[in-house]
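Protein chains: 2
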Amino acid sequence: MYEQLGLIGCGLMGSSFALALKRAGLVKRVVGFSPSKNTTELALKMGVIDAIASSAAEAATGADLVLLAVPVAATDMTLRAIQPVIATTTLVMDVGSTKRDVVNAALQTLGNRLPCFVPAHPICGREVSGVQNALVDLYVGKKVILTPLPETAAVQLQQARQLWTALGSIVSEMSPQTHDAAYAAVSHLPHLLAFAMMNSLESQADGQQYLSLAGPGFRDFSRIAAAEPAMWRDIFLANRDELLAQSRQFQASLHALEKLIEAGDAASLQDSIRQASQARANWQHAPAASSK
Amino acid sequence: MYEQLGLIGCGLMGSSFALALKRAGLVKRVVGFSPSKNTTELALKMGVIDAIASSAAEAATGADLVLLAVPVAATDMTLRAIQPVIATTTLVMDVGSTKRDVVNAALQTLGNRLPCFVPAHPICGREVSGVQNALVDLYVGKKVILTPLPETAAVQLQQARQLWTALGSIVSEMSPQTHDAAYAAVSHLPHLLAFAMMNSLESQADGQQYLSLAGPGFRDFSRIAAAEPAMWRDIFLANRDELLAQSRQFQASLHALEKLIEAGDAASLQDSIRQASQARANWQHAPAASSK
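Protein chains in written order, with the numbering used here: chain A, 1188 to 1479; chain B, 1188 to 1479.
Treat the hints with caution; some may be incorrect.
Note: identical chains are not told apart, hence a pair may lie in one copy or across any two.
[Unchecked claim] The calculated lysine to aspartate or glutamate pairs, modelled on DMTMM-like cross-linking and capped at a C-alpha distance of 20 Å, are:
1) K1329 x E1190
2) K1224 x D1237
3) K1446 x E1360
4) K1215 x D1237
5) K1215 x E1389
It is worth saying that the hints were derived from the structure and are not from the lab.
Please construct the entire structure, taking both the sequences and the accompanying hints into account.
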């Protein structure tokens, strides 16, 4: 049971975390900060937070648990602001989708409070954002990746594992480097491709007509294209090198398929599609994918 | 009420059509043909068909309704086989995902029975195929595009409209050219991209590890990559020019995003992502996308 959650950022991720923590009976009091007054007032009204702080540092003051749920580009500034008020026993986590930049920000800002920080990335989200879309079940059955630093304290790391597990998440650990390479491939690249496809349609004279004819396959493929622009801007820039490397790999595979289509090489085309189809069918049945 | 459906091809699409027609009380008897004995025997056991034909021509003989639910590459051969047994009053349809090639095949094979033929494309499918995955509700709430020829008889066209509407589908009409251009953009291209992404992951040493970390966004984006290889081989080859044109358009949009990421141009990057995000968010609420 935590005495006080200092919630910095009362958007979808942060508010869902506060709701889940309250339902699990793991926190007595949530003090929230957001740059937008409308957001904190709505969070208060919805019972997501119990008190409004006027700054990140105020939200973290006296908290034994601090969650940063801010755009990744704001991590540096936020850690710098709360560093003076963190106690040695406080557990500090973030929920950012990239981890090397977050770890670098922590190294540069947290000083003697670096052991308190456990970088975290819950693998979930929605195409809608904001406190008004918070879900108490958002983290249930979802993967949460922790990317501890060598300096991370064993106590805080253990607390982080227990906390996410208590919320129903499936916790695993890896290095920030491994995390960023993996999610460039299976999350950041798909978002980039979905955005590019929508922009391509928008750029065509008949694009709106084409869109009106799209069916369920398009619906699912393009769902992630509705994601929040500012968040994905930050992710793309923070993980630029890994993302561009994945995009190059992808384009090589795309060009290989295009060449088979151009050449009318039916047998090799079928082989290549079968490889892709089997890889996807196998993934569906992988234990790691069993969560919704 | 039709006396006899000649069902040529007892896979997912054909079997689901027969089941839906039977439930709606629109057919007395279904005679099915498939090159695979296992398939027709299972279709008979499941009550999808009432009798097994030993050839496409036998299934069509005496039928007042014929559905071709065969790979698009087999359309020409199948139409040629059934032409001699079609009556002037028979309604003949296909369910192919490309339409210019189907129309060309009809022009070359059907002769004086060309007026019987109403090319159709139901916008639905599953990532699993075969009679064992047939769904009586597959066509409910789904778009069905009819691409009649100038030679198509008004009677048969009207029958086709009424039939699909009775099954709960949303029927519209357009030219084969418009159809193929539109579905290159909103169906064939997304499939090509999903296959290429899976192949790109498979080609990487750490691909399996990356896949094990993928979450719900990846799940939905890649769902269509599990589609049937032979079917998509045929679609890609049949609609090659439109598909390659869409792929080029897509790559231009992808390169534009890549350049903004490389340049670290946060403001323009956010604008470009916002354009994509808004286009997708608007699509979700379009009436044309209200069907599941």
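Evaluation of the provided hints:
no. : hint          : in the structure
1   : K1329 x E1190 : neither (25 Å within a copy, 52 Å between copies)
2   : K1224 x D1237 : within (15 Å within a copy, 68 Å between copies)
3   : K1446 x E1360 : neither (40 Å within a copy, 33 Å between copies)
4   : K1215 x D1237 : within (9 Å within a copy, 67 Å between copies)
5   : K1215 x E1389 : neither (49 Å within a copy, 47 Å between copies)
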